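Q: Here is what each chain is made of, one letter per residue.
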Amino acid sequence: DAGVIQSPRHEVTEMGQEVTLRCKPISGHDYLFWYRQTMMRGLELLIYFNNNVPIDDSGMPEDRFSAKMPNASFSTLKIQPSEPRDSAVYFCASSVPQGFGAFFGQGTRLTVV
Amino acid sequence: AQSVTQLGSHVSVSEGALVLLRCNYSSSVPPYLFWYVQYPNQGLQLLLKYTSAATLVKGINGFEAEFKKSETSFHLTKPSAHMSDAAEYFCAVTDSGGYNKLIFGAGTRLAVHP
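From first to last, the protein sequence lines stand for chains A and B.
Each residue of the first sequence is one higher than the one before, counting from 1 in this note's numbering.
Each residue of the second sequence is one higher than the one before, counting from 1 in this note's numbering.
Here chain B stands alone, though its shape is the one from the complex (with noise of 0.2 Å):
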């Protein structure tokens, strides 16, 4: 089966900084990958995602992502951090079984200070 390990349970940046989100899938076969935001008390909105097209993917917010099938890692980028992208935001990847099955990573809090 198919797993996502997020590596950095909370990432800290302050405003205007970088934002690197770390995401790694196990596949051997070439998944879709998905990024997802939450905010407080909300459900999960769907930021970008990776489909065999273009392996740079853009989406909302400013955020984008890299598939990089040779380190099977699919991380979150953002060259500027604002104070509302403070959230919590999780990776998936379709299950093996099913490109309509999502497996979800457990997660990064990222913190964004002034």
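Isolated chain A, as found in the complex (with noise of 0.2 Å):
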């Protein structure tokens, strides 16, 4: 298996625009999860599914920020519209059940100018 696959790896964006981040897991991994991680805050999970549902978005930061799952091989991560401070690196992990951890992907770079 590949693993996470993310795409892309690096994305710089004008302030205001949209952004949509992508992320392919593992085939056969029923949780897939979306962190940030800034030098301020450390790793944040942002939100995670399980069967392509969404089961907890509380670190979603503000309604700028949506994620959906349509199907088992991928999810996207959009923020509409981008600000400065939503700078980070984004990862997206994929699990199976009962706490065998999760495998990451290589993350995404964003940078809001």
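Bear in mind the hints are in silico, worked out from the structure with no lab data behind them.
Be aware that one or more of the hints could be misleading.
Here are the computed distance ranges between Cβ atoms for each label pair [unchecked claim]: (1) B/THR72 with A/ARG109: 30 to 36 Å; (2) B/PRO79 with A/GLU18: 46 to 52 Å; (3) B/LYS68 with A/PRO54: 31 to 37 Å.
To give a feel for the contact side, a few chain B residues facing chain A, derived at Cβ under 8 Å [what the hints assert, rightly or not]: (4) PHE34; (5) GLN42; (6) GLY43; (7) LEU44; (8) LEU46; (9) LYS49; (10) PHE90; (11) ASN100; (12) LYS101; (13) LEU102; (14) PHE104; (15) ALA106; (16) GLY107.
Given the structure is predicted, the values throughout are model-derived calculations rather than measurements.
Even glycine gets a Cβ: it sits at the ideal position worked out from N, Cα and C.
With the hints as a guide, dock the two chains, each given alone in a separate frame, to form the complex.
A: Structural data, given as structure tokens:
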């Protein structure tokens, strides 16, 4: 398996633009997580899905952020409109149930100017 | 809610020296615990995990960790540091609301000097 695949690896956009980050989880994994990593706040869980259904989105910072999982092999995280404070590395991770640990993608480094 | 405290944001050791990275968790029920490593510009890689079996857990790259319930600790050790161990290390615990949601510590950056 190729692991969790995220695209793009880097994204530079202007403030106010819409940004879409993409993730393909490991086949057979029931859980998908979106994390954000910054120097100031460390790793924050934004939202996670179980069998394509959002379970906990309490970490989504505000309404500008939205996430979808239309099927078991694809998820998106959208920011609209983007702001400079959204600049961070966004990670997608997937796992099987029962606490076996999550497997992370390489991340998308987002810079909003 | 669960929380994880990693003591020391930066640790520096000499090559060949013992590595000890500290992690304490808050939990009223036995959690699942994990250590992850992150190399520059990379994602997080699972080093090892504790899931209520043996309290001493061996992971990849010669690392191991011991679960001590009485101390609510899960410290990561390696007998002899290698230059390639320089990275950031994260301790994580499963949330009490579900064993699939991970709560991460702030991370410890390990530097290894020749």
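Q: Against the earlier hints, flag every one the structure doesn't satisfy and list their numbers going up.
A: none
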